[in-house]
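Given the coordinates of chain A, work out where chains B, C, D, E and F should sit on it, guided by the hints.
Protein chains: 6
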Amino acid sequence: MAQILDIPALAPGDDVHHPLVVADVDVRGGDHARTTITFSNRTGQIVSAPFWAGRDEMIRGVAKGMLVQVVGKVTAYRDCNQLDAVSVRALPKGSVPLADLVPSVGAVDKYWQFIDEKRAEITAPRLRAVLDLCYADDAFRQQYEACPGSPGTGHHARLGGLLQHTCEVLAIALQISRVAKADIELVIAGVLLHDIGKLECYSWESGAFDTTERGRLVGHVVQGVIMLQRAIAQAASPPCTEAEQLILEHLILSHHGKLEFGSPVKPLTLEAEILHFADDASAKTASIAEAYASREFFPDGAGVSTRKIWQLDGRWMFKSKASFGREPGD
Amino acid sequence: MAQILDIPALAPGDDVHHPLVVADVDVRGGDHARTTITFSNRTGQIVSAPFWAGRDEMIRGVAKGMLVQVVGKVTAYRDCNQLDAVSVRALPKGSVPLADLVPSVGAVDKYWQFIDEKRAEITAPRLRAVLDLCYADDAFRQQYEACPGSPGTGHHARLGGLLQHTCEVLAIALQISRVAKADIELVIAGVLLHDIGKLECYSWESGAFDTTERGRLVGHVVQGVIMLQRAIAQAASPPCTEAEQLILEHLILSHHGKLEFGSPVKPLTLEAEILHFADDASAKTASIAEAYASREFFPDGAGVSTRKIWQLDGRWMFKSKASFGREPGD
Amino acid sequence: MAQILDIPALAPGDDVHHPLVVADVDVRGGDHARTTITFSNRTGQIVSAPFWAGRDEMIRGVAKGMLVQVVGKVTAYRDCNQLDAVSVRALPKGSVPLADLVPSVGAVDKYWQFIDEKRAEITAPRLRAVLDLCYADDAFRQQYEACPGSPGTGHHARLGGLLQHTCEVLAIALQISRVAKADIELVIAGVLLHDIGKLECYSWESGAFDTTERGRLVGHVVQGVIMLQRAIAQAASPPCTEAEQLILEHLILSHHGKLEFGSPVKPLTLEAEILHFADDASAKTASIAEAYASREFFPDGAGVSTRKIWQLDGRWMFKSKASFGREPGD
Amino acid sequence: MAQILDIPALAPGDDVHHPLVVADVDVRGGDHARTTITFSNRTGQIVSAPFWAGRDEMIRGVAKGMLVQVVGKVTAYRDCNQLDAVSVRALPKGSVPLADLVPSVGAVDKYWQFIDEKRAEITAPRLRAVLDLCYADDAFRQQYEACPGSPGTGHHARLGGLLQHTCEVLAIALQISRVAKADIELVIAGVLLHDIGKLECYSWESGAFDTTERGRLVGHVVQGVIMLQRAIAQAASPPCTEAEQLILEHLILSHHGKLEFGSPVKPLTLEAEILHFADDASAKTASIAEAYASREFFPDGAGVSTRKIWQLDGRWMFKSKASFGREPGD
Amino acid sequence: MAQILDIPALAPGDDVHHPLVVADVDVRGGDHARTTITFSNRTGQIVSAPFWAGRDEMIRGVAKGMLVQVVGKVTAYRDCNQLDAVSVRALPKGSVPLADLVPSVGAVDKYWQFIDEKRAEITAPRLRAVLDLCYADDAFRQQYEACPGSPGTGHHARLGGLLQHTCEVLAIALQISRVAKADIELVIAGVLLHDIGKLECYSWESGAFDTTERGRLVGHVVQGVIMLQRAIAQAASPPCTEAEQLILEHLILSHHGKLEFGSPVKPLTLEAEILHFADDASAKTASIAEAYASREFFPDGAGVSTRKIWQLDGRWMFKSKASFGREPGD
Amino acid sequence: MAQILDIPALAPGDDVHHPLVVADVDVRGGDHARTTITFSNRTGQIVSAPFWAGRDEMIRGVAKGMLVQVVGKVTAYRDCNQLDAVSVRALPKGSVPLADLVPSVGAVDKYWQFIDEKRAEITAPRLRAVLDLCYADDAFRQQYEACPGSPGTGHHARLGGLLQHTCEVLAIALQISRVAKADIELVIAGVLLHDIGKLECYSWESGAFDTTERGRLVGHVVQGVIMLQRAIAQAASPPCTEAEQLILEHLILSHHGKLEFGSPVKPLTLEAEILHFADDASAKTASIAEAYASREFFPDGAGVSTRKIWQLDGRWMFKSKASFGREPGD
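Chains as they are written, first to last, in our numbering: chain A, 50 to 379; chain B, 50 to 379; chain C, 50 to 379; chain D, 50 to 379; chain E, 50 to 379; chain F, 50 to 379.
Hints were generated in silico from the structure; no laboratory data involved. Ideal Cβ placement from N, Cα and C applies to all residues, glycine included. Every clue listed holds true.
In the SDA-like style, the derived pairs of lysine to any residue whose C-alpha atoms are separated by at most 20 Å in a straight line are: (1) E:K357 <-> B:D259; (2) D:K357 <-> F:G306; (3) A:K113 <-> C:A351; (4) F:K368 <-> F:R344; (5) E:K307 <-> F:G306; (6) C:K122 <-> C:A139; (7) E:K357 <-> B:Q360; (8) C:K368 <-> A:R265; (9) F:K230 <-> D:G352; (10) B:K368 <-> D:V76; (11) E:K307 <-> A:W365; (12) E:K113 <-> D:E345.
To give a feel for the contact side, a few chain C residues facing chain F, derived at Cβ under 10 Å: (13) D75; (14) R77; (15) A82; (16) T84; (17) W101; (18) A102; (19) G103; (20) T260.
Computed far set for chain D versus chain F, every beta-carbon distance over 12 Å: (21) G62; (22) A102; (23) A112; (24) M115; (25) T124; (26) Y126; (27) V157; (28) D165; (29) Y184; (30) Q191; (31) E194; (32) S255; (33) D259; (34) D349.
Only chain A is shown next, with the shape it has when bound in the complex (with noise of 0.2 Å):
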């Protein structure tokens, strides 16, 4: 149990006994009843080969987000290896740590340094008091550093890539926002709050990532305001205004840029307009960083991707190769 699976390594006929998330579990009904599980670890994933409904015991219980210890064998199917598995056995939470299991940001100290900074220059009282509900409270913390960016294939979707994501709409926001001659501490602000309700839409913390029921009902953007409501309502006393507080609760709801996109009401203010414009950079950025990163898009330094990218609207990313002239290494 020491070691990790190396997934991507594995060849059919390899041994398995290791610990393993419950990535996935697909119930299949109807004609062909069967179930198969998606099983992984922060190297990768693998799919098991199918268990029948009326011979599927062994997986009587097992579900999403559970930590198993699996016993099998590595089999070739078709264009994929999968894993027989013969026993599928649950583990204590906690027994294996959170960073082997999924992929991780590493090190999130820089990424608190830079925010807290930008948080100090904010001369307006009642804008640092209101961040302050927030990013001044340990436990917000210790989630906001774990969440990921987006849980699945989007981007930054890794533990800690919400914080990362943060760092990244703030410089960019904060550049646009010299250009525009805009409020820059509004915008800080918004950065800061505009995902918050991703603490409470998404699900992480047993190394399957996961949408939560309050995610696909109600959505991160309009969580966001909901739980700035309640922060605001708690407080000792209210840190802003009325008026001031509607501002803000604006920059969260219309971060998405547009109806279609999930945002209830388009940006209005220029800080919004902002906002909204430094969070699709970064994402659709880091969504292009990632597939030029990937083996799968792009392996063996290829220049055009060998598949449609469905993160990036399905375009068929190319990758230069251009030098200009300089040296390798400039």
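Just chains B, C, D, E and F now, kept in the frame of chain A:
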């Protein structure tokens, strides 16, 4: 001051000295700076001749929603009358009954009776408890029975229009629920809560219907959820579980049916889908009925409307006179 | 041959010698020519192993909609069963009751009772006369009570589904009509006529639901108008005026509500709008109810559907279990 | 009364006592009730000064499409002339030749010659038989050679415009058919039938082009199919098989190419696709040619059109004067 | 002639005898032929009373972009002033400084300094060589520092606006590049080249901003590539490889981000995506800042804009006055 | 090696030792790294069994477009054959004639004859001069007569397909031009130039059709303009004026008709609109004809296609067999 000015009956040359509401103030800066004011009462509205910049002392301080005593004369301007005002003087708020200033649905008892009857049929204690937070509260009822269904030119744009619309949605939703074997009690709750956000997103007390800043920056869809959250937070004890509250929030949030219509999430439950259909059916059929009744769109029993109707996606509507052999009056 | 094969209960190794319908024949030409056959009965369907080109004498002459006696064995193919047939022999049409071959809504009396009751309430003589052309005709009624609401995987895809759908639309449309003060009799007529085109656009007699060539090349919306025209032309004397007929044609033509959904004209009358809403509400809520009831989408009382549901614009639906304090069984 | 009023040449102060068509009556109810009338003849149109409600006895009974003798004077209104009428008196229908009242394509013989030549080349007996139902019928031909290609401001909006458009579509479709090796005879039939519905969807006899109620509520696409059905039903013996009739119906129904352009089905055969392309090419190039020829869009040999052209999706069109070295007159 | 006419300050009755630019000539043919002229200088613009056809000798030969001496009187027309001209006489080009005729960004040194600093930081010799083709060329620089960012009513529509916009894009793009770890030198090159096509697509020398024929028929996106090709072809020796040139062409071509916004290809490299975001952020935030500063949209410190702003997709923008406790002047 | 392998006729068990083209190499990284190769010749294509990572020495260095000698055996994989290769060895380029490796339109003389005939009819000297830059150049002609109309699965995807497509567009465009009274010579020029960019955007010499990097990053629409610019710049003397060149560039740029189809500008001249229609008509009707002829979509004279056809916007096409009484062979 006793009598209401009959605006549609005005002709050039008529004198005006009557109380009117300032329905709109249109300040135009730039190359030809000037202000025009739209005056209204429940019979209609009339636009002033322009007050040119530099010659507009008479309207200093006049703002949307004020009640004013206007003295002037009607003049002809191309294919409209305009009001050439020589005096515009503020009147104390409340010196003219609101019902003289804006159209209204009339007595609201029958609407309350229907709603309260349906509330009483709910057997789920926690659902009733949530609804009581609003519907057993006199302040809420007073606001709710006054609020228009929309500001300006949308459907049910009358005092009490929201209450009337709620009853229409309720009647339709109950029937769809029966057909679809949905959870009828949950649908009732959804109907009664779906538009509560309008109370803080529209203003009407002055006699000039308007959208509040909260209405623009947050919108009534999200505002409904905020108000529900607040009401539950302020209750002596939690009227329902968190999971149940989530279901109610989803009903409110998804009632516009599509992201591009301002719902940040699509309806994901049968009950949410029903609520959306019933809401839309009430709104659209009311818009048609209002167009049919309007002399602007259907003067003199016209068959085809005289112009496109924007509330109905720009359709030219048609009013059938086919009797199919029925006697008039059947 | 007495007993119906329970397809969902089949397991690899099981023997099959049962009557089945040829639900689909998939001939693939080109580089790897082969044919597969989907066999079905009312319990479900199963796909054959491929018959390779040149080795497919056994299925010579087998076509969609044939009733065949199949002898073979069930084998496992990855995550499905498939049927390895060794004999496929045509059976005489009608040798197995249709109700054993396809799902059905069951007894239809209650549906007819509701429809005939509403027809009887119509006071307009010429409207009744038009409806009688269809609804007082036994041949029409026999077809209408059998026709599915849609072929394949749409809503109400069962024998009698069209009749059931008609009743749902009727119930909903009546209620909206009351709320909107529409011409209820005209709405009833619209509901009863709106889908008559399906009788010539779908086929079901063989046990394999399908779209006819007319269904593809003309579509049920326009076909309904053609059938109405024909029925009126063949009547002994004109049952209504030309202007009245036009109103009815418009109801049929516009019932899909939008051009992009296949209505060549948008609803231009209040009654047409109501019909569209009621039709859509019945279709969409039935789709949700069918998804809720399906073990494919909601196995084991799952909260979130196991996959996107294309009939519902690709939504992941959610099944709430909130009781709000009701006792089970309330 | 002998001479046609030259409307574009009118100047303020000119007297009018001429026969004119009532091209439109715009009744405005509501706050400033009044009526304006648009008068026209084949040279152009002019709008009346408003007739105010209560002072409009002179136009009692005047309706769209009436021929009237107008007495009045031209006055200037901002950047338009208007007609200040002192008498508007009905004239007997037909007292002025239709060709003096509306623009026309002129002699139609050459169009008939082309069409009849192509009909004569058809070898398929049943295809000729179907076309003869229309094209060998004198009443049909008389209507068809008068009908405009569109009412109001669309393409080919002239007496005979439909016939001219039909010839253009025919010439283009024949060429595409040759290139695509399509069934040319079927394409000819499709061209000759595709717009027959316009005969009952447009009106022009009065001198005021308009869309009929049938045109609004059913549309010429579906109306074409209805008319074909009727013609075939009334034939002494069926001119073609049902399967063949279906192919022709599909050609008519799909000729707008897309659902959102009013075809309830997309073109599914090669011949239907060709018909759609040829129809669209004739319509769009005619719109451009008409814009090029219009002094409104291209006064004084302008290069860029003076405004966006809505018939061409709001494009600013451009008229090239590049000679590439040709002598003028080449 | 020494003094610039203060157009926004004009009032009816004022005399005009000043040099003005012919900003637009609107010739209307058809039924009421007449011409109106829009006159402008850097303070604003005013429209002439109509010159009726036949009475317009005074403006014979007057064309868009001419500098003219206008004599006339201001008259009131409804809610605008208009200029009743009695003499319109051509002045020699250049007799009034361009900066008196159109708005300008002022001194451009700081913009050049920023750009040249960034150019100097580029280490890739072939990238610098390409940029030098433009940016080391004095003729190019003179044009580039004058060209507006857009003609008419778009963003940065001032002399020097293109240069200012380029700097804004550069500042933003540099920051996104750092965050996304992109090739910063390539991004700088993309920024400096992306809008060079505007030099041949806009005209401004006369004092009337306009789009050239090339601007309409080719567009600045493609024109930029054409100009880059030409510059490289004319260079003494090829400044970069063909593959490198391709990467630069792609940056220019894709900078509008989407096909429907006029880019014939979508951004396929990280650097192209960044350029697109930075360009869009500069354009949109400038549009908001310009709206905020405009007395037309925000007179008298209004919170909500007085009308929809088309440059911002028809949004009603909002100007927050929330101080969050800051002292005025912070 | 003399004989071409008949790929569609292969059956499991067959031996292969034949020259084949590497049509595609699909490298998949990530959790189950492996490579598959698609081999092709003019009869069709077959996919290899996967080469697993670590066991793929045999295909080291094999790249798209290589000509290889393959030794292996055909095996069955579910509903396809696959090729289990035991040796893949590079062959010298050109050792197999290109016409054996890819489909072709056959002899091209008739196409050239038609084009050269039309060129000869052009009277405008400067138009001929421009066309001669390409069409009087042997190198251009050799490339042009080989280039496919599209790479992969689009229309005219055969050697010589571009030339064939050009002739189709020419024939159609000439006819529309006659109907619309357009400048026929200009239209001819537009047709002959519109797709010249494909010469540098597609590659075909190896026997594997592909899109070049220039094809992806610039696209053939813009590339055509670049090539025209270059040809004109390199001419001994300018063959036409700049204004004339602009008109030609616009024809090329706008030939896709809409921004969302990759034209950066919409057609603004009559001739550009005609070119767009003719191009689209040739492309779409060729796609239908190719689908009709394909055993994949229409095996065994099927009426309805066996699946949706993506080249035709996902339509299910229909092949009519209506004879309308013609004798077979008419």
